[in-house]
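With the hints as your guide, set chain R onto chain U.
Heads up: the sequence lines are chains U and R, in that order. If you count by full-length UniProt numbering, then the first sequence holds residues 1 to 279, one letter each, in order. If you count by full-length UniProt numbering, then the second sequence holds residues 1 to 415, one letter each, in order.
All clues stand as given, with none of them false.
If we take Cβ atoms under 8 Å as the criterion, some of the chain R residues that face chain U in the derived model are: (1) 22; (2) 25; (3) 59; (4) 83; (5) 106.
These are computed hints drawn from the structure, not numbers from a lab. Glycine residues also receive a C-beta, built at the ideal position from the N, C-alpha and C atoms.
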Amino acid sequence: MNRYLKLVHWEIMRFWKLLAALAIVTIVLQCVGIIYETQRYTSQVEDQVQMNNSTITAFVQQNGKLSFSEALERAGLSFFASIALCIGGLALYVFFIWYKEWFGKNMFIYRLLMIPTARRNIYFAKLTAILLFVLSLVALQLVLLPLENGLYLLVGGDVLFKSSSIVDLIAGNRILMFLIPPTFADFVIYYGFGAIVVLIAFTAVLLERSYKLRGVLAAILYLPAVAVFMMIPFLIPGNVTETYLYPAESFGIEIALGVIVTAFTVWLGLHLITKKVTV
Amino acid sequence: MKKYWLSIGLSVFIAASIGTYYIGAATRELPEYRMQTVEGDGKEASHLFLEGSVSRDKMIDQIKIGDGGTAYESRMSTIGKMFDSEYADRNPELAGLIKDHKGFMRGKKSYNGFYKDERQLVYAVTKSDGKTSDDGLHRYSLAVSALDLKSGKEKQFKAAMLGKQRYASMYVIDVQSGEDGIKVLVQLDKKPEVYKNGNYRFESELHVLTVNMDKEGISDDQTIGADSGADSGKMERYSVPYGGGIELASPSSYALVYKTVVKIAKDQDGNEMEQQVGSEIFAYDYANGKLTPILAGSGSDSGVYRSLAGNAMITMAMKGNALSIGKLELAKNKESLQFEIPMSLKNITIDNTQFFIYQSKLYMYVHAGADHEILVVSLTDGKVLYQGKATVDGTADEQKERLTGLNVYGFYFAS
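One chain only, chain U, in its complex shape (with noise of 0.2 Å):
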């Protein structure tokens, strides 16, 4: 345990300026786009009052304040764009947390798999230092909202803008609700969903790293033989999940294919890292 969280430092501080630079890219690139929406709103309100000769107080009985959700509509991708880098850069992570231990001269690797520990406190350091730094980023996201709210309501005023509840506010726009479900257990499912994908993006890495050519091959077919074993009570004649079972029955086995498919993936990979993968 205490060489499973030694790694799991490690890996940490491996990326931790990494870690800093997306969240302050996002912390910055967030507040701009906030900033610059607030403004150029007002712009555009300023000119419509001058234009139809009117005052910000009878557009606002006209058209009401602006919310902050809106807001974040409006701004679209000045403030969605840092959501996206960071979900690209730690997608990259995930490929080449494994990849950066082979390059170079002296090759990491040799070192890492010296250590007098077991293989698998390796795999699952990795695991969970890519789980913490998406876990990161989401809490990051959490905490810049309301602050974000503030700034939005600094720089507008309180004539033209108002703030948002941040839980309606994350419910009422999809890409924040799908980073952050409405619900804890929602959480636990997707979170724990993606916890498999990463497990199965890990397994090709090491299949690719045990048998090269022919580990690329295994792991372009993995991919979608997971999908489909996943899909089969989708996939069997008569839509049985539909015509036959119940949705609790559905739900079960969906879990149950999902166990499967984990608990596969994780022997799969373990068996690579401790018996395949050589340098």
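For chain R alone, kept in the frame of chain U given last:
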């Protein structure tokens, strides 16, 4: 320990941020809508649910208002929503059948296809031959399943239709039991023809099929109505109305059948269109196979709803600010009850109401502006058993805003 501060700090940050958010989301106060008794016995509404939507900050949230208060969909997990989306849970008879006969009810989703008495539970559904056909017509058969409620034995068979006719579609409208077997009322549609204006002209037939459960086949096919007269410019159309009855499996000796007469007219541009010129309503008696015209009015007066309730027909219409209800005993073809209920909401039409009939009681929901009224009326004696309204917490202005924004699209009884 000091050198691990980053890892420890990161883990604490994740737990604190995500934990705080989800605890806050689960415990935050949302407007609590309730059904409040105005008059009568509150127990009458204890199984009633209003399903609808409310908006907050331009976000639409689905809610369910019941005896226990308000359930917000935004607080439900994906799994919870998945289990909550079944139509059968919103029908007390179907929910009861699934609870008592889970194995038999598996995969049986044609909800008009059930019949249950003390002896048996029967399910009938139509099946097409499944062959590709250039003209869109198919041969149909009936798939029948039966459960003997005393022995627990199940029987399943496929009964081919008598004759060689092919149809565009066929579906089950009602299943009942007769002396000579199970009676299945079906609608068969011929291939639709296309009017000059591009609209489809459907021709349908209503048949009552008698299924012999011992011989496992259809022993009789009675046509009780067939659309006709298209060539003469005046068409007779037959249909079975949906009238708010939710007793899908309970025995009934009758079915209601509408006959409407439509004239095929041409507009200025020469496009064909249908105009209703007459209508009639019949009671079909499963015991003797006869269609008897019902004395109470024509079949499709606008603003009049008719519903089959056991062996009676219930007629509902608004008369000024009162709901007028009539009960016609189909065996005698005679009205046995006629009464009016003054509504507290004014200027409403019957089309603005949602209602259903269950166990000789009429359940009705009506809405106007910020007012939402619920009524439970006994169809045995015309007595109002419950009168209630939807309420919500908040200041007077908040209440008005919230109740005006409450959009109820579902009203049902859950056992």
